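Engineer: Residue numbers (this note's numbering), protein chains in the order written: chain A, 16 to 284; chain B, 10 to 390.
One should not assume that every hint holds.
[Unchecked claim] Straight-line distance between alpha carbons at most 20 angstroms, and here's what the computed DMTMM-like set of lysine to aspartate or glutamate pairs gives:
#1 Lys205(A) - Glu103(B)
#2 Lys96(A) - Glu47(B)
#3 Lys54(B) - Asp218(A)
For the record, the hints were derived by calculation from the structure and aren't laboratory data. For clarity, every value in this text was computed on a predicted model and none was experimentally measured.
Now for the letters of each chain:
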Amino acid sequence: MIPVIEVAGLWTQFGDHVVHKDLNLTVMPGEVVSLVGGSGSGKTTLMRQILGLEQPARGSVKVFGIPLQGSSVQLVQKIRKRWGVLFQEGALYSALSVFDNIALPLRELRAFDEDFVRDMVMLKLDMVDIERRHASKMPADLSGGMIKRIALARALVLEPELVFLDEPTAGLDPDRSESFVTLIRSLHEKLNLTVVMVTHDLDTLVSLSDKIAVLAEQKLIVYGSLREAISVKHPFIVNFFLGERGLRALSAVGALEKNRDRTTGNEGR
Amino acid sequence: MQQASAPAVLDPEVTQSRAANGAPAAALSGAWDIRALESRARSLKSQLKQLAADPGRHWDLSRIQRLDHIGALLIWQAWGKRRPADLALAHGHEVFFSNLDSAAAAVPAAPFDALRLVRALGAVMLIAGEHLRGIVQLIGQILIDSFVLLRHPLHGPWREISASVYRVGTQALGITALVGFLIGVVLSYLSAEQLKAFGANIFIINLLGMGIVRELGPVIAAVLVAGRSGSAITAQLGVMRVTEELDALTVMGIPHTVRLILPKIVALAIAMPLLILWTSGIALIGGALAANTQLGISVHSFFSGLPDAVPGVNLWLAMGKGIVFGGLIALVACHFGLRVQPNTESLGIGTTNSVVTSITAVIIADAVFAVIFSDVGISLS
Chain A
16 MIPVIEVAGL WTQFGDHVVH KDLNLTVMPG EVVSLVGGSG SGKTTLMRQI LGLEQPARGS
76 VKVFGIPLQG SSVQLVQKIR KRWGVLFQEG ALYSALSVFD NIALPLRELR AFDEDFVRDM
136 VMLKLDMVDI ERRHASKMPA DLSGGMIKRI ALARALVLEP ELVFLDEPTA GLDPDRSESF
196 VTLIRSLHEK LNLTVVMVTH DLDTLVSLSD KIAVLAEQKL IVYGSLREAI SVKHPFIVNF
256 FLGERGLRAL SAVGALEKNR DRTTGNEGR
Chain B
10 MQQASAPAVL DPEVTQSRAA NGAPAAALSG AWDIRALESR ARSLKSQLKQ LAADPGRHWD
70 LSRIQRLDHI GALLIWQAWG KRRPADLALA HGHEVFFSNL DSAAAAVPAA PFDALRLVRA
130 LGAVMLIAGE HLRGIVQLIG QILIDSFVLL RHPLHGPWRE ISASVYRVGT QALGITALVG
190 FLIGVVLSYL SAEQLKAFGA NIFIINLLGM GIVRELGPVI AAVLVAGRSG SAITAQLGVM
250 RVTEELDALT VMGIPHTVRL ILPKIVALAI AMPLLILWTS GIALIGGALA ANTQLGISVH
310 SFFSGLPDAV PGVNLWLAMG KGIVFGGLIA LVACHFGLRV QPNTESLGIG TTNSVVTSIT
370 AVIIADAVFA VIFSDVGISL S
């Protein structure tokens with residue numbers, strides 16, 4: 016199987032400040048990968064580089080086996096139709112209604128008639144649990160949770176194989192964030208998506224990810240399952256996963272059973 | 010769906026056949042997903058539609074290799090938005106068809122409104138009334154703030170006023186000079202031709218002097234400032250509304266009329282008369298230079314004839330216009346800035362409306378000045 020994403024030897028530099036140093040990351044089809052790391056560790060930058068919004072100083076990024084750097088514009092455009100992106104604030108076009116926002120990518124293809132577009136938009140609205148009466152509203156009239164759901168519907172409208180989620184649950188109340196996580200999980204199972212997300216929210220992280228990529232010290236210090244991640248003794252991991260908040264989230268899913276003695280040792284410090 | 014680049018996936022295909030019992034049948038095979046359908050959705054749909062015209066047809070979809078919601082919806086629409094009775098689906102493809110039936114329920118259409126035009130007219134009137142009320146309220150609030158300020162002059166936003174004078178006045182010197190100079194040159198050239206025909210060369214001084222000092226200088230400067238500073242003020246206040254900075258000021262107990270709006274109105278009322286003097290002066294220089302080349306009137310005699318042609322009271326009138334125009338521009342710009350809704354589209358509309366309204370307001374005020382002061386400062390020597 017060809018990896019969906021292959022980042023090799025990636026360097027990022029802003030002036031003298033090195034953000035990524037020889038970073039490697041491979042994501043296989045169907046995986047849900049979470050990028051975590053402290054503020055300024057370059058999670059969002061890495062995601063933007065995979066999306067081709069920013070250029071790395073060195074190294075290569077391949078998506079669906081096609082290098083983003085040095086490929087023809089048409090080829091890169093083709094990749095862009097195969098992925099969907101959920102931006103942190105939704106990034107709905109404020110000049111367009113909810114319906115037109117979701118219909119835009121479909122209409123851009125110029126392959127389908129308006130009847131088809133309407134049914135497809137309604138199908139996607141159902142998929143993200145948004146009532147139809149909201150279809151004619153403008154994004155400014157919607158709550159943050161609804162904006163995220165609609166942005167997800169827009170990201171999914173072209174049936175992407177790969178979905179990027181930037182802080183999918185940030186700014187949602189616990190109840191909504193829980194239902195958003197359930198939604199993403201069910202979509203992942205149903206559509207067999209590959210998901211790459213950046214998140215700070217431990218509950219989201221624990222309940223969704225197959226693999227966790229921890230960014231610190233300019234590279235990935237861990238890339239593996241939750242259990243593998245918490246078994247590494249790095250100050251960031253200890254603080255992030257094994258702090259009070261982390262322990263609560265982990266114990267909720269029972270991922271901690273095998274690491275119990277180690278964590279009690281950490282708490283003592 | 011995953012191995013998009015695997016070679017074995019075929020193009021979408023429809024084959025017609027007969028089922029074992031002799032009934033007509035159709036078999037679909039290959040990839041029916043967005044990547045494959047993108048280029049041939051329309052032709053496949055019409056092909057399927059023809060086949061679907063026969064209600065007893067057996068549909069075999071079990072040989073479809075890849076399917077997604079796009080493909081499922083396309084097939085389902087060709088069926089006439091319902092499932093055929095005789096259908097065979099591949100394992101795992103059922104999920105794509107399962108929630109299609111609910112998608113068919115159309116969006117409720119907006120009911121027909123016979124009084125739409127009347128309603129629209131009424132809405133425009135109400136909005137105009139609301140704007141008027143808003144501006145009156147703003148003026149009232151600013152007057153109250155000014156009285157408070159007069160009693161506590163040390164608490165005044167003096168730094169903000171001085172910064173605003175620099176932004177709207179000093180930084181506008183270049184553009185107003187350029188435009189003023191060119192207008193002076195153009196006017197002088199145009200009038201010179203006419204005056205030469207009547208042998209009334211010397212009246213170029215009266216024509217340019219009165220025209221520029223009394224009318225054109227103030228209006229040109231005001232239009233430029235409305236476009237330049239008016240839009241900037243609206244956009245600044247609008248962005249502060251979008252980013253909730255205005256609310257942050259309110260909850261800190263800092264009234265934004267004192268900190269943001271009053272300084273701008275005062276600054277424009279100070280800077281505008283000075284800008285008008287500057288614009289008029291440069292325009293007169295441009296006019297004098299052009300008169301020199303066209304009519305042979307020396308720059309020296311142009312300017313020494315000017316005091317006789319243009320009574321000094323006209324300068325004071327121009328300054329008075331400047332104060333009013335400046336205040337109006339700032340007031341309109343602030344009013345529209347405060348009305349911006351927290352979204353980007355509203356910001357654009359607000360800025361446009363602000364500039365259009367303030368230029369219109371300036372010209373209306375200029376007409377009012379012209380009527381009121383019609384017998385002031387006009388000498389017929």
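Engineer: Confirm or reject each hint.
Structural biologist: Status of the hints after comparison with the structure:
The hinted pair formed by lysine 205(A) and glutamate 103(B) meets the criterion: a straight-line CA distance of about 11 angstroms does not exceed 20 angstroms. Of the supplied pair hints, the one linking lysine 96(A) and glutamate 47(B) holds, its CA atoms being roughly 11 angstroms apart against a limit of 20 angstroms. For the hint linking lysine 54(B) to aspartate 218(A), the alpha-carbon distance of about 45 angstroms lies beyond 20 angstroms, and the restraint is violated.
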